[in-house]
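So you can see what is in the structure, the chains are spelled out below.
2 protein chains.
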Amino acid sequence: MTKLTAFQSEWLPKIEQQLKQDLGVASRDSDFSEMMSYAVLNGGKRLRPMLTLAVVASFGQKITPSILKVATAVEWVHAYSLVHDDLPAMDNDLFRRGKPSVHARYGEAEAILVGDALLTGAFHVVSSANSTDTENENIAAKELLLLSQMLSYHAGAFGMVIGQVEDMKNHRQEAKIDVNWLLNDVYAPKTAALLGFSAIAGSRLSHVNSNSVADNSEIAISTTNSALLTFGTDFGMAFQIQDDLDDLDQDDVEKITSLPHLIGITAASEKRDKYLTHARQLLTDLATRDLTFDRTLLDDFLNVIGDDI
Amino acid sequence: MTKLTAFQSEWLPKIEQQLKQDLGVASRDSDFSEMMSYAVLNGGKRLRPMLTLAVVASFGQKITPSILKVATAVEWVHAYSLVHDDLPAMDNDLFRRGKPSVHARYGEAEAILVGDALLTGAFHVVSSANSTDTENENIAAKELLLLSQMLSYHAGAFGMVIGQVEDMKNHRQEAKIDVNWLLNDVYAPKTAALLGFSAIAGSRLSHVNSNSVADNSEIAISTTNSALLTFGTDFGMAFQIQDDLDDLDQDDVEKITSLPHLIGITAASEKRDKYLTHARQLLTDLATRDLTFDRTLLDDFLNVIGDDI
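Protein sequences appear in the order of chains A and B. So the first sequence is numbered by my numbering: it starts at 1 and just counts up by one. So the second sequence is numbered by my numbering: it starts at 310 and just counts up by one.
These are calculated hints, taken from the structure and not from any lab test. A couple of the hints might just be wrong.
Below, a list of computed lysine to aspartate or glutamate pairs in the EDC-like style, where the Cα atoms sit at most 16 Å apart [to be verified]: (1) Lys354/B x Asp338/B; (2) Lys169/A x Asp594/B; (3) Lys169/A x Glu419/B; (4) Lys312/B x Asp609/B; (5) Lys371/B x Asp552/B; (6) Lys62/A x Asp294/A; (7) Lys564/B x Asp400/B; (8) Lys169/A x Asp340/B; (9) Lys371/B x Glu446/B; (10) Lys580/B x Asp487/B; (11) Lys564/B x Glu452/B; (12) Lys478/B x Asp400/B; (13) Lys169/A x Glu417/B; (14) Lys45/A x Glu174/A; (15) Lys478/B x Glu108/A; (16) Lys451/B x Glu143/A; (17) Lys564/B x Asp402/B; (18) Lys580/B x Asp552/B; (19) Lys583/B x Asp558/B; (20) Lys312/B x Asp552/B; (21) Lys478/B x Glu16/A; (22) Lys45/A x Glu16/A; (23) Lys478/B x Asp31/A; (24) Lys271/A x Asp246/A; (25) Lys271/A x Glu174/A; (26) Lys142/A x Asp402/B; (27) Lys478/B x Glu110/A; (28) Lys62/A x Glu137/A; (29) Lys255/A x Glu174/A; (30) Lys3/A x Glu270/A.
Predicted, not measured: the structure shown is a model, and the values here were computed from it.
Work the whole structure out from these sequences, hints included.
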């Protein structure tokens, strides 16, 4: 059992519990709350909130109820993006994780609205994160406001949404597809941006009131935050390329050009490993600078790329 | 010229300027920023941000650059809702204000994504409202966080989104349509919730650091905030009923049941006037309690219901 497996065993049920609890009261209409829950509570591995929590744990910080709650916001965003991506006008997928997609089950208008409600709700989760706090361990309002700002940046038209815009061009075979476009204009915003957010959120939440960075100056913290953002982004890029390698068969059906199609399996695997190597180097630098930082968990994240995480 | 006309002449260009400026840099892709701008910069009267600013002015408070910016966030939400409402799977409208709707002009997938980006961007506007401040008149982070929370509440599955869910049932003639359902489950969340938010946002922003309430205790401020929320909601209900009265002819084509269909023109007009009377009473109470409060502007909002505001 790796450290990550143990960590997941402990925190996955708590993440699920938080999501379930918030989704249960997410709408004034219980039928609609159920639709929202259907979209989110689908047996996912919760990679994004898990990354946030893992970063907090790596800095030896306590995962408070408020931190747990704010970490789950990104999962609402991720879930809404899948609901909208599956729509007939987008990828037109009738199934998601072996079950009917939201529009297949509830209708197209409902799926658009469920997605809208989840996206809106994500910002409620962030802004109300302290509401779960019972031990007076509130996150500073200034910090939550900044996380809200970063979430909208990474999820919106500088991040995930614009990645999907470009990906649609790929689906329609409208784009001039080359390696740089695929990596920088599709994979980076569509997949890596939210994982980058998840990692930097963990770093920020670790350092709001902490003395964990050996040299606890603002510059040191800012360097650490940036390193985690890049770590999450590298992880996201490697994760996406691995996903492409795993899905090679399906792509022929979907007529989408992924990195392995473009440069071959070997070169794509090398690209993936380059991101992983860079991410490991970031952890090495961080461990050198900050003696309280334990790299084991985050190393495990990198090691299981390609496993069913 | 009413006080409101003068106020609109002064502030409409400033609201437009703020929207234009933020939308111009809303995406890393300039084509997509243009699509987002197309959805928002359509000659609207900016009723919602105007209401926020009017409330601030009614309390004799200065409209700072930060307040102007935060007031415009609701317009991003309003614009996204129109883009998604116009989609083929929803109201299937090819035109909006005499111009092609976003999906008619740019395609359905793009319209979904433009809406998503606008909704996400609204929360960026709130969380970065202080960025426009050059005179050290920041809004407290705690206050912006609360406004972000209230915006998500009023825009999401307790407000606007759930109103649209119910409205779809009306479009499809699936609902058991009666007066209570129409008023409480459709009009209140779909139209009145955002206007309620706009009004209470103005009240909150007036009282963050102010001494304007005669009895400046927390209870007095909280009473004032609630009164403005109800004022905005009443205004929204009256506004929606008036809209129904104005659109009576079109409804036959769209097969939607509105209040005048259900109870007749006279009874619907009486309902509208009941909301207006209630709203006026709130202003009277407020003016009695708070001598710094000038009701003229907000009275004008009520008086022009039915005019082209």
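Evaluated hints:
no., hint, in the structure
1, Lys354/B x Asp338/B, "violated, 28 Å"
2, Lys169/A x Asp594/B, "violated, 57 Å"
3, Lys169/A x Glu419/B, "holds, 10 Å"
4, Lys312/B x Asp609/B, "holds, 7 Å"
5, Lys371/B x Asp552/B, "violated, 32 Å"
6, Lys62/A x Asp294/A, "holds, 14 Å"
7, Lys564/B x Asp400/B, "holds, 11 Å"
8, Lys169/A x Asp340/B, "holds, 13 Å"
9, Lys371/B x Glu446/B, "holds, 10 Å"
10, Lys580/B x Asp487/B, "holds, 14 Å"
11, Lys564/B x Glu452/B, "violated, 43 Å"
12, Lys478/B x Asp400/B, "holds, 11 Å"
13, Lys169/A x Glu417/B, "holds, 13 Å"
14, Lys45/A x Glu174/A, "violated, 33 Å"
15, Lys478/B x Glu108/A, "holds, 13 Å"
16, Lys451/B x Glu143/A, "holds, 10 Å"
17, Lys564/B x Asp402/B, "holds, 14 Å"
18, Lys580/B x Asp552/B, "holds, 13 Å"
19, Lys583/B x Asp558/B, "violated, 24 Å"
20, Lys312/B x Asp552/B, "violated, 23 Å"
21, Lys478/B x Glu16/A, "violated, 32 Å"
22, Lys45/A x Glu16/A, "holds, 10 Å"
23, Lys478/B x Asp31/A, "holds, 13 Å"
24, Lys271/A x Asp246/A, "holds, 15 Å"
25, Lys271/A x Glu174/A, "violated, 25 Å"
26, Lys142/A x Asp402/B, "violated, 41 Å"
27, Lys478/B x Glu110/A, "holds, 10 Å"
28, Lys62/A x Glu137/A, "holds, 10 Å"
29, Lys255/A x Glu174/A, "holds, 12 Å"
30, Lys3/A x Glu270/A, "violated, 26 Å"
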